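Could you use the hints to bring the two separately framed chains together as a complex?
These protein sequences, in sequence, are chains A and B.
Count the first sequence with the numbering used here and you get residues 1 to 412, in order.
Count the second sequence with the numbering used here and you get residues 1 to 169, in order.
If you're looking for bench data, these hints aren't it; they were derived computationally from the structure.
There is no bait here: all hints are sound.
The following label-pair restraints were derived from C-beta to C-beta distances:
1) B/L69 <-> A/F299: 32 to 40 angstroms
2) A/L304 <-> B/L152: 29 to 37 angstroms
3) B/A12 <-> A/L35: 14 to 22 angstroms
4) B/L153 <-> A/G73: 52 to 60 angstroms
5) B/A113 <-> A/E284: 47 to 55 angstroms
6) A/N70 <-> B/V47: 41 to 49 angstroms
Derived SDA-like pairs (lysine to any residue); straight-line CA-CA distance at most 25 angstroms:
7) A/K86 <-> A/V251
8) A/K326 <-> A/V341
9) A/K100 <-> B/T77
10) A/K159 <-> B/L69
11) A/K159 <-> B/V74
12) A/K90 <-> A/G249
13) A/K86 <-> A/A241
14) A/K326 <-> B/G158
15) A/K326 <-> A/V163
16) A/K326 <-> B/V162
17) A/K58 <-> A/E236
18) A/K100 <-> B/S18
19) A/K100 <-> B/N27
20) A/K378 <-> A/L312
21) A/K326 <-> B/V60
22) A/K326 <-> B/V160
23) A/K378 <-> A/N322
24) A/K326 <-> B/A65
25) A/K159 <-> B/T77
26) A/K326 <-> B/T165
27) A/K159 <-> A/M321
28) A/K378 <-> A/M321
29) A/K100 <-> B/V37
30) A/K378 <-> A/T329
31) A/K100 <-> B/L16
32) A/K159 <-> B/F72
33) A/K326 <-> A/I139
34) A/K100 <-> B/A31
35) A/K326 <-> B/F72
36) A/K100 <-> B/F20
37) A/K100 <-> B/V73
38) A/K58 <-> A/P229
Predicted, not measured: the structure shown is a model, and the values here were computed from it.
No residue lacks a Cβ here, since even glycine has one placed at the ideal position from N, Cα and C.
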Amino acid sequence: MGILSQPVGAIAEWLRNLLLGWGLSPGLTTVLLYLIGAGVLATLVQTWVIFLIWYERKIIGRFQDRLGPNRVGPYGLLQPFADFIKIMTKEVIIPEGADKPIYILGPIVMDAGVLMLWAVIPLMPMVGMDINVAALYTIAVGAFATLGILMSGWASNNKFALVSAIRTVAQMISYEVPTVLALLVPVLLAGTMSLQGIVEAQHVWYIVAAPLAFLIYFISSVAEVGRTPFDLLEAESEIVAGFHIEYSGMVFAIFYVGDFLHAFTIGALAAVLFLGGWRGPGAEAFPLLGLLYLWIKAFAVYFLVVWARGSLPRVRIDQMMNFSWKFLTPLALVLLVLTAVLDYFVAGWGAWGQALSHLVMNLVVGWLVLRYLQAWEKARAARRPVVAQPGQYPVARPPRPAVAETSTEAAS
Amino acid sequence: MTAMQIVFLLTAVVALFSAFRVVTTPNMVHAALWLIVTLSSVAVLYVLLSASFFAVVQIVVYVGAIAILMMFVVMLTRREMRDRGPQLGKQWPWAAVLAVLAFGGLTWLVRSAALPASPVGEVPATSVADLGAALVNPGGFVIPFEIASVLLLAALIGAVYVAWTRRNS
Numbered sequence: 001m002g003i004l005s006q007p008v009g010a011i012a013e014w015l016r017n018l019l020l021g022w023g024l025s026p027g028l029t030t031v032l033l034y035l036i037g038a039g040v041l042a043t044l045v046q047t048w049v050i051f052l053i054w055y056e057r058k059i060i061g062r063f064q065d066r067l068g069p070n071r072v073g074p075y076g077l078l079q080p081f082a083d084f085i086k087i088m089t090k091e092v093i094i095p096e097g098a099d100k101p102i103y104i105l106g107p108i109v110m111d112a113g114v115l116m117l118w119a120v121i122p123l124m125p126m127v128g129m130d131i132n133v134a135a136l137y138t139i140a141v142g143a144f145a146t147l148g149i150l151m152s153g154w155a156s157n158n159k160f161a162l163v164s165a166i167r168t169v170a171q172m173i174s175y176e177v178p179t180v181l182a183l184l185v186p187v188l189l190a191g192t193m194s195l196q197g198i199v200e201a202q203h204v205w206y207i208v209a210a211p212l213a214f215l216i217y218f219i220s221s222v223a224e225v226g227r228t229p230f231d232l233l234e235a236e237s238e239i240v241a242g243f244h245i246e247y248s249g250m251v252f253a254i255f256y257v258g259d260f261l262h263a264f265t266i267g268a269l270a271a272v273l274f275l276g277g278w279r280g281p282g283a284e285a286f287p288l289l290g291l292l293y294l295w296i297k298a299f300a301v302y303f304l305v306v307w308a309r310g311s312l313p314r315v316r317i318d319q320m321m322n323f324s325w326k327f328l329t330p331l332a333l334v335l336l337v338l339t340a341v342l343d344y345f346v347a348g349w350g351a352w353g354q355a356l357s358h359l360v361m362n363l364v365v366g367w368l369v370l371r372y373l374q375a376w377e378k379a380r381a382a383r384r385p386v387v388a389q390p391g392q393y394p395v396a397r398p399p400r401p402a403v404a405e406t407s408t409e410a411a412s
Numbered sequence: 001m002t003a004m005q006i007v008f009l010l011t012a013v014v015a016l017f018s019a020f021r022v023v024t025t026p027n028m029v030h031a032a033l034w035l036i037v038t039l040s041s042v043a044v045l046y047v048l049l050s051a052s053f054f055a056v057v058q059i060v061v062y063v064g065a066i067a068i069l070m071m072f073v074v075m076l077t078r079r080e081m082r083d084r085g086p087q088l089g090k091q092w093p094w095a096a097v098l099a100v101l102a103f104g105g106l107t108w109l110v111r112s113a114a115l116p117a118s119p120v121g122e123v124p125a126t127s128v129a130d131l132g133a134a135l136v137n138p139g140g141f142v143i144p145f146e147i148a149s150v151l152l153l154a155a156l157i158g159a160v161y162v163a164w165t166r167r168n169s
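Chain B on its own, in the form it takes in the complex (with noise of 0.2 angstroms):
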């Protein structure tokens, strides 16, 4: 075993133990934060892979925007510190149906699709590079892209309608 799978193993049972937590803690801004530790180890399983753009907007996206606004959420909506409600919903047994087949879908995925044992080859170092080009490109991932730009867009405009405050009413 390399040192490199050690690093991957251990990584990955932190990400696996933490995404068990985020399910089963009674807290909800435990959840929250165990919800950061399993992010933060996808993180680290994206640097493993050479991946190093990804990793960073990983932790930019989800760590920084996503998890931190949820637990500002439930800060600000919870009264109590140690709020504990019920953990399962009305839904649960749908969910857990979905759940196992998906679980089931991705393992025949797996299983079946003919992965490479060693790596295919070197990532290049522009990798960066190449991707802002990709992106702008007319024959790349321009028109899904500025799609996408729009898409945000209009959230943005929602948000800011929805939380103006009218002057004169």
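Same shape as in the complex, but just chain A (with noise of 0.2 angstroms):
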């Protein structure tokens, strides 16, 4: 067994030797080396937030046309140590008639539910738990992200706060649905629930055999880590910043870890559940090779909510639990329904045919959904007057009068 064939085995391989030499019992080092790793997984995976804020800073910087961070160390590379220390110098400040313990506790609880979803990414071949129901498991851990949110919420005994979290609890519910639905499409097609599973089923990537289970999944799940254009729970010209209105020093630097980090966390399961995890060329030879796989793909992803964040203004409470309720959750009932009878029909057509069928299926729903909310709008258009006219007012100005009064007896 190898450092480079098996690097994570080879050193638990070593420890556990360590270990036993040292004339404790197996079930104990069993125990002991789980520890370890959880430790030593989550311990990684929090630093890596470090380089996570420089990276949203500065693309949020470049969507917005500044430079971004670029004082501290090269390229401004050493920003969010410099934050850190600030941070950690800050008085850690507990609200008047706040539930303290809850308060404390609230930032903790939400980053753990974030933490326990590494436990089952696959890093790379043969590491990672692998247990059969990963994929349910992923949606599992997330009710502890949002029971975080919703503990600190309550206990700042602050109103804002309390909207935050009503809010925050509407929109996990609403959108933890179509999520369920859109991580069906990969389990049916690769029939297993293991992640690691799903990844070796992945001979073409599920993006090419389900990209609108993608997208359904993808927009589900920004929804869920509350990213713009879904951040209502904390709309700073609403309810002011929400749930953390009250945080401050290092219980707020745990709540802003752990958004950072789920957001990454989003992007790295998307691309093990759609774009093939950790398999590239020369993956199972070099195990770590396709760690730097997985890596590349969970930035595109992460790219792509990041690119979100800096161009769509953020929606209305309405508008998104109609989206979610109206719009995502049929489209992801039909989308299941349909990839199962399809995928019962075309079994034996190997990997390029299942997944060129079920493209061709994905392509005519996709096109049908949009004709369909075409047709909508145009409905809509035609109940409500289209205010602006060419030449006159743009769209984003309040009507002239004579143009308001039509448009309300159209309406009513």
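Here's what the structure looks like:
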């Protein structure tokens, strides 16, 4: 067992022999190894956030025609360290009337919910807990992130925080449904719920076979993380800062870290489910290469998240709810049924034949959905005539009184 | 004592203690949070029994849906954060009698049943696939499964009907 072919396995084996040499029992050694592995993984992933913060700030800066952080270190790479030192020196303020233990536990539970996702992500061949219900597990531990936000919003003893917590629950529960339904498509195609099994089954990436499912999964995961355009839980213009309004110092930093890590984690999950995970040339022979491929793919999806943050305005809460329940959920349901039926008929067509037939089905469904949306938009426009005429007011301006009267008449 | 037993004992202690706190804490949100700890500990017990599917379903259904719904309802309906009402309702003697009877019955059952001292056999790796096949197999559990589905659908439609606001009233 070489360090190159099985890097983590070799280290674990060496540690196991070391611990057994100290006279520990085999069972205790296994438990200790799991604890060490969990600790190392959690620490590495959280340390990685230092880079993520720099990456996101730099990209958002570019989107907004700025340079982003560029003072501390080369390309501003050491900026997060400076921020970190600053935030560590700040006082942790616990507001009057707050529920102290829950107030402190809130960010920790939220961060733990994100970290627990990393337990099942297959970083490279042969690494990661390969449990046979991993896909469902990723949904289950998402509940802890919701719970953390709910706890801190309630315990802050602040109306804005409470409103944010209630919004969070409504949003997360609504968007959990399309997430699960879209997640079931790769599970169905691979025939297993183990993430390692899903990666191994992707001879052709599932984004080819199920592009619509990828889109639904991506959109609803962004909503579950609470990123723009779905960041109603911390809408500055409405509820100041939402659930973390009272937090300061290190307890706020935990929220901050958890938020960035969650966004990157959904990137990694989407990469595992739809972009082939660690698959790539030479990944089986050199697992570390697989880790690199996964990282590149995860960053590609994370870039999309940041892109959306840099370019889209925030949606209203009723728009967000309608979008989930009236559009994403029915579409995901239809897709799931169609995928299951089609998968039954094309079972013997080989990897590319299956993928391409699914792609054709997806394209047809996507085209029909687009036509439906166009017809719907046309019907809405007929119900409520567009105020602006060419050469008159732009759409965003308030209408002239005469035009406004006709529009209200038409609406009633 | 093996490491597995230590983990089991720790989890059992946490589950029992948090279950005790659920009924003794005066604050309702705290009770809901303690309930979450209890339910999560039960999920750990499922993992120790190699029933990973049930562990995950336990978290999804009980922690992810029911416990959060409870907290949500408490948060929406209580005005005061430190809401302290009376701990005991009117029917507490009956509840106590029922609890003692249930506990005694369970104790008798566990003591009288011939439980195996060691694992009966290896858990098959494809237990989730077997479960899924059994749920749709006509010789398996397809009828109870469908009845449960219809029941849930009826509850869903009922909830929509109750929440529906009529336009012209």
